[in-house]
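Enquirer: Please model the entire structure based on the sequences and the hints provided.
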Amino acid sequence: AQTVTQSQPEMSVQEAETVTLSCTYDTSESDYYLFWYKQPPSRQMILVIRQEAYKQQNATENRFSVNFQKAAKSFSLKISDSQLGDAAMYFCAYRISSLGEDMRFGAGTRLTVKP
Amino acid sequence: KAGVTQTPRYLIKTRGQQVTLSCSPISGHRSVSWYQQTPGQGLQFLFEYFSETQRNKGNFPGRFSGRQFSNSRSEMNVSTLELGDSALYLCASSVGTGVIQPQHFGDGTRLSIL
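In order, the protein sequences belong to chains A and B. Under our numbering, residues 1 to 115 are what the first sequence spells out, in order. Under our numbering, residues 1001 to 1114 are what the second sequence spells out, in order.
Since the hints were derived computationally from the structure, they do not count as laboratory data.
Heads up, incomplete: computed chain A residues facing chain B, CB under 8 Å, no partners named: (1) S42; (2) R43; (3) L47; (4) F91; (5) M103.
Just a sample of chain B residues kept apart from chain A, beta carbon distances all over 10 Å, derived: (6) T1007; (7) E1052; (8) S1112.
We treat Cβ as the ideally placed atom computed from N, Cα and C, and that holds for glycine.
Expert: See the structure below:
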């Protein structure tokens, strides 16, 4: 079975500090994409960042960056200079090209940002 | 540009009934995917449509079905509702198929089964 594991159900960070959310996945495929989505209380899933598996360079989007370790099948999300608006559920996901649009999600990590 | 629109936002049904949920994708998007989100099972893929054709289907019983219209709008139908069908149903659209296409999600429909 192809799965995504987020080992931290909840995380907390002080405003302006840095936090890292963990994600590991299990797949035998070589061609896939990895994603981090954010789901605030408003419920809408928002794409935070994505990484192509064939790219060695870690993706970066402003204060969000990833640490992609393909051999270890690890895809962690680092949030720098945390802001109150970063508080949300964060989901790690991947999509394998051979499965078309089938996106597999982890169970999520609830991030709390303390003022 | 309007985002993905899901209607209704909330729905309450009783066991045995059927329900239809609607999703209007972002203008120009031709691919629509449906997901079920529950506290116990998390986010699970239901099915994906592109150009009115179902391209992929998750591991759900036949009570769950869907369709896509020529304007890319999609509907999802659940028949003979069970208590376990209570969930947030999310729709996501993308320009086309292929893993490189980012999916844009709607706000979801919260379905409660009494």
